[in-house]
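Colleague: For reference, the chains in residue letters:
Protein chains: 6
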Amino acid sequence: MKLTKLQDKWAAGGNGLNGWCSIPSSVTAEIMAGYDFDSLTIDLQHGLVDYQTALTMLQAMTASGITPMARVPWNEPGIIMKLLDGGALGIICPMVNTAEDAQAFVGAMRYAPEGYRSSGPTRAMLVHGGGYHDAANETLVSLAMIETVEALSNVDAICATDGLTGVYVGPSDLAVSMGYKPGLDRQEPDVDEAIGAIMVAAQKHGKRAGIHCGAPAYLSSAFVRGFSFATIASDIRLIGQAIGQNIEEIKTA
Amino acid sequence: MKLTKLQDKWAAGGNGLNGWCSIPSSVTAEIMAGYDFDSLTIDLQHGLVDYQTALTMLQAMTASGITPMARVPWNEPGIIMKLLDGGALGIICPMVNTAEDAQAFVGAMRYAPEGYRSSGPTRAMLVHGGGYHDAANETLVSLAMIETVEALSNVDAICATDGLTGVYVGPSDLAVSMGYKPGLDRQEPDVDEAIGAIMVAAQKHGKRAGIHCGAPAYLSSAFVRGFSFATIASDIRLIGQAIGQNIEEIKTA
Amino acid sequence: MKLTKLQDKWAAGGNGLNGWCSIPSSVTAEIMAGYDFDSLTIDLQHGLVDYQTALTMLQAMTASGITPMARVPWNEPGIIMKLLDGGALGIICPMVNTAEDAQAFVGAMRYAPEGYRSSGPTRAMLVHGGGYHDAANETLVSLAMIETVEALSNVDAICATDGLTGVYVGPSDLAVSMGYKPGLDRQEPDVDEAIGAIMVAAQKHGKRAGIHCGAPAYLSSAFVRGFSFATIASDIRLIGQAIGQNIEEIKTA
Amino acid sequence: MKLTKLQDKWAAGGNGLNGWCSIPSSVTAEIMAGYDFDSLTIDLQHGLVDYQTALTMLQAMTASGITPMARVPWNEPGIIMKLLDGGALGIICPMVNTAEDAQAFVGAMRYAPEGYRSSGPTRAMLVHGGGYHDAANETLVSLAMIETVEALSNVDAICATDGLTGVYVGPSDLAVSMGYKPGLDRQEPDVDEAIGAIMVAAQKHGKRAGIHCGAPAYLSSAFVRGFSFATIASDIRLIGQAIGQNIEEIKTA
Amino acid sequence: MKLTKLQDKWAAGGNGLNGWCSIPSSVTAEIMAGYDFDSLTIDLQHGLVDYQTALTMLQAMTASGITPMARVPWNEPGIIMKLLDGGALGIICPMVNTAEDAQAFVGAMRYAPEGYRSSGPTRAMLVHGGGYHDAANETLVSLAMIETVEALSNVDAICATDGLTGVYVGPSDLAVSMGYKPGLDRQEPDVDEAIGAIMVAAQKHGKRAGIHCGAPAYLSSAFVRGFSFATIASDIRLIGQAIGQNIEEIKTA
Amino acid sequence: MKLTKLQDKWAAGGNGLNGWCSIPSSVTAEIMAGYDFDSLTIDLQHGLVDYQTALTMLQAMTASGITPMARVPWNEPGIIMKLLDGGALGIICPMVNTAEDAQAFVGAMRYAPEGYRSSGPTRAMLVHGGGYHDAANETLVSLAMIETVEALSNVDAICATDGLTGVYVGPSDLAVSMGYKPGLDRQEPDVDEAIGAIMVAAQKHGKRAGIHCGAPAYLSSAFVRGFSFATIASDIRLIGQAIGQNIEEIKTA
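Chains as they are written, first to last, in the numbering used here: chain W, 259 to 511; chain F, 259 to 511; chain G, 259 to 511; chain H, 259 to 511; chain L, 259 to 511; chain Y, 259 to 511.
Mixed in with the good hints there might be a few duds.
Identical copies look the same in the list; a pair holds intra-copy or inter-copy alike.
To be verified - Below, a list of computed lysine-lysine pairs in the DSS-like style, where the Cα atoms sit at most 30 Å apart:
(1) Lys260 / Lys439
(2) Lys267 / Lys462
(3) Lys260 / Lys509
(4) Lys509 / Lys263
Calculated from the structure, these hints are not laboratory results.
Start from the sequences, fold in the hints, and give me the full structure.
Modeller: This is the structure in structure tokens:
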């Protein structure tokens, strides 16, 4: 089983820059894969993408060497396993609120005896090579989203989950759960403190800490702070930014 | 967040006439949206439609101003939230048999602190406007299907669920559950009585009562009886009716 | 090569009742195929259907035994041959205005030496059987649309085309070409006379005469008049009729 | 409701030869249906297929008379019912580890009072006929996969489940669960013994025993041993076999 | 037939700002339609879009009121008419090199007696209203691309074509034809002179002059120069710009 | 612009082994690309594939390094250019019967001044690199099919076409044109002689000679004879071969 870009980056002590695919299109996926991301995550939760389209997006990413990942709609084994069999090398799972949630998630990611993933990596074996089965449990990236006050209160137990690669902060839901409006790149002291606490908990257990970001500057500061995985704005936000800028320039010419 | 047709109708004291989309096609969805329905429900349960196609159907309905809704395959948070994020303004949930079922359903429809819906209304915000987050919990339509004897026995507790918009009678499954053959527009006294009891329970708790109908005359009588939301035969039945009539006229000419 | 329903009907001296598929969906195609039509035509011209979807529609019609046909967007060999290879057993070609047009059309329908159709009936052989190549030239239905004043003036030469199965009146375009508004079931004496002349020209050359109709009564009268192939309103019109009727009944209840 | 090929075969005392569809395409499904299988199973678990594509595959199989089946991603009622409503006549459910799992599975397959399947067989009624509701509970094929050591220890209780058609051995996962590498056609004595025990347990309870196979010879021996349902290698393995053979012949010419 | 945004802009003496859709997705089309363009052109020539997907994109644009347009792959009547029937209100035709080319193009856009467009505006009538047939010839926008030295030499004759709305400069192909490398926003004096000459020829015949641009500043200067229709960089370029900028900011942080 | 596998093979004096994709699926395309072919041709003529699906197939082939090619439905510039812009590195054009046909084909493949291909290699530039425009005219593979007696009589003139990479024998259509039944691997002396003459004509003009084959042995002999490009049976035939073999083994066990 060949390692891909995110794994190489982490092995070399670097941080993983993640792109976010919310548009259901193998064309936008392939365009994104042409840029210098370490991983790309297809968002099957809030993105407008379902499995069959995600499969074509995974195919379109293969040539790039970027680590293909997916966020699932919910912590359910069926869709987690389908995406892994389809070639995803990492899964971000939303709303992991308890240690039990984390164990269910990680169990779905791993073959027996470590977990209960069913064996049948139809496309994964095709594109990631013959040693897939033996390497999968150790190689696949599992990131549990910490995005509620309940998760925050259980973050130590969640981070203690054996086999979990790391946690991933969902700042918008976390802030909503703390009584704020949704949005990225939070400035509220208590939300920021919570984000820091999640990172520290992960590090304590030797786990990766990742975070969903909006602006490049915020993302850069997250790397400085100690996060080793961070996502820059989704394809939908990116295309919106560019259209906005271009039209603004024209209207004000 | 702009109000749509069903909401305006209800606000004005009227009843909501709902169309039913079982064909997986943005073309039939757009055709349906050209007629004088107040809402259109894409059926992801018994209809032949899955999320990715439902998304194109939601897009095709937008210009009409009709309230776009969906029935989910089962009471599962993943697909409920995906459809809301995709722009559905209402969800009909099948097989809500207990107050716990109803709470799980309503929780998936609402942002914290009222519920546990995850924030990320990707398309919803695009088409329903910037105030989406603040208005969503109050605006989205949640209808729990009452369609078993178990649900019937719990109907008062279900109707008491905070945040639930109303209940929706599934007369065919209800009748099957009571020992009859499937079918709409039930005439059996005990089924009819059960339907009436559901409506009364809803009204007692200030909730909407809706019902799945077959013939126009039955639907009209349901409005008279006190239901404020009713569905006329699905696109598949409609096209069948028309073909049948046309061929009949030709064969007997 | 097995004969299908239209061919049997014609062989028995009957008239062919044709359905019209404008919705790009294998589901509506399968629904239509469940009714008592002799043939179904997928409309790739004015219908909202392109080849890849038409293929799934052809598949969905197979079990019914109805003769699957297609109208092509234009008199071009590429798409005519693709649809035949995909299993269509008949082609309606729009805007055949001259004998040269008719010869080009028929040539694309037939293997050498009668025509220039390229051999490779990938799906056709799968579903219509091993004798496909030998039987195709004689079995496939080719209908040239007569729908302009130019075509009308050349109708005798067009009907004389060797290998052509028949002509198909496009009353709406014909009327537009004669200076009227578009529409089916024409009542204007000169348009009606032109339609009659087309039928007579076809019969003189031993060819089939077909016509696109709107109302069942008009279609029935076309059969009486001598047409042996006629189309009743498309799936889009049918669904519209039914919705209109149902809503009307409800609104006036 | 018409019986299909697998049911006829079983009724005549024969064994069911099952084909396996992992490619998401109505074209490969139709090709497979052209061969002498008794049933074809669309694999929504490890196959690369989701519901919307599976629907077109079910349509493409209809003309063949082969019994259309599906394997679901997980033991979840939503997708089981959707596939049945879409026309599947049998469901293979993965990872049935306990009697409770089996009861949940069988309940989703059957209408009240035997189960909790919701009524609305939209396409099933179209293609399988008007008596569908009455015959469905008795006619639909439900196969629970036995593929873990836990399931093995509960096999007697699982096989005792009322309404279950039979069990289906997943030898690869079973072997993984027993500490071996994945793969079909197991030769290890303890795995083979376990497979035999599953078959015997099924027979004891008057249930069908099925098994997933690789090579034709292994499959034949499974029928001899007493299995009455067996699957030969998937479409993806088949196409790979043929390409390998052809290229090998060319390279060594 | 309702007027749309481009037509209103022109009627008010303004210039049309056109967006360009190369990604085959109704989602990107809907995103683009949320911004302040006057028209959006789906590119079926160099874009990665074919008819069936273009149809869903046309549907996704409807709610915005932006004028939906399409560039066809080649000057062929079949695809021009299919796109108009699908609801496009304007067509950009590539490689119009002679007056004959222009006449063939315009003829395909117009109903008899002005042209030879076949009548059957299936979706166009649904979304643009009942007066479609009468208004179409005068309302639909036809832009002939001038992008070769041959076209340049015939520009006066092309601009004289009755019924043509205007010409559209393809600067990249034009420059290639003049011996330069491809690219937008040309600075070479002779190419710039040619572009000016095309604009003047259009104005002389009372026709619109449009141009394909890259940078906002170039586009703004084109409006100043006298062009009344101009396109800003495609969705693919826009998303690339934004990704590039974001990654650049992160890498240099 | 990077060279791909077929080009490397030819540069090294080897022969190109071509695979043939008739199934409209990115999954089968990716499977095929995992085997040791030098090029893969997506068949848009007799295959069941149209542009939008072909695009996903081109994407799925990219990682393999195999040269992606396509056969077009007919000698039409629109679809030739669309496939090249989509990333195809070679085109096989059917029914090239005259030198004029060949010039039209080659012209559509080449940018000015050598041809009339329009510039806008949207995906080609993305995946084949920045030097695409400059290298394309020399690098892209153009193969004209010789498959009628008319083509045979003009083969010398066709082979003399400047810029044409070579010719490709369509033995089935050629045989049909000569009065035989369709089929590959022809044994008739006159057909075999004609095939030899085509190869010799190509070689005389320094052009490649390719041929469509059935059995591996025939293909090997074609390489021996002097052809430097040959196709082995399509994905549909391959899957059929394998199913046939497996079922035969089971039935005879």
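Colleague: Against this structure, judge whether each hint is valid.
Modeller: Quick rundown of the hints versus the structure:
With identical chains, the CA atoms of lysine 260 and lysine 439 are at most 30 Å apart between copies only, with a shortest distance of 19 Å across copies and 42 Å within one. In this assembly of identical chains, lysine 267 and lysine 462 lie within 30 Å of each other by CA distance solely inside one copy; the values are 21 Å within and 54 Å between copies. Within a single copy, lysine 260 and lysine 509 get their C-alpha atoms only as close as 49 Å, which misses the 30 Å cut-off; across copies the closest is 26 Å, which meets it. For the homomeric pair lysine 509 and lysine 263, the shortest alpha-carbon distance between copies (16 Å) is at most 30 Å, but the shortest distance inside one copy (41 Å) is not.
Hint check: no violations occur; every hint is consistent with the structure.
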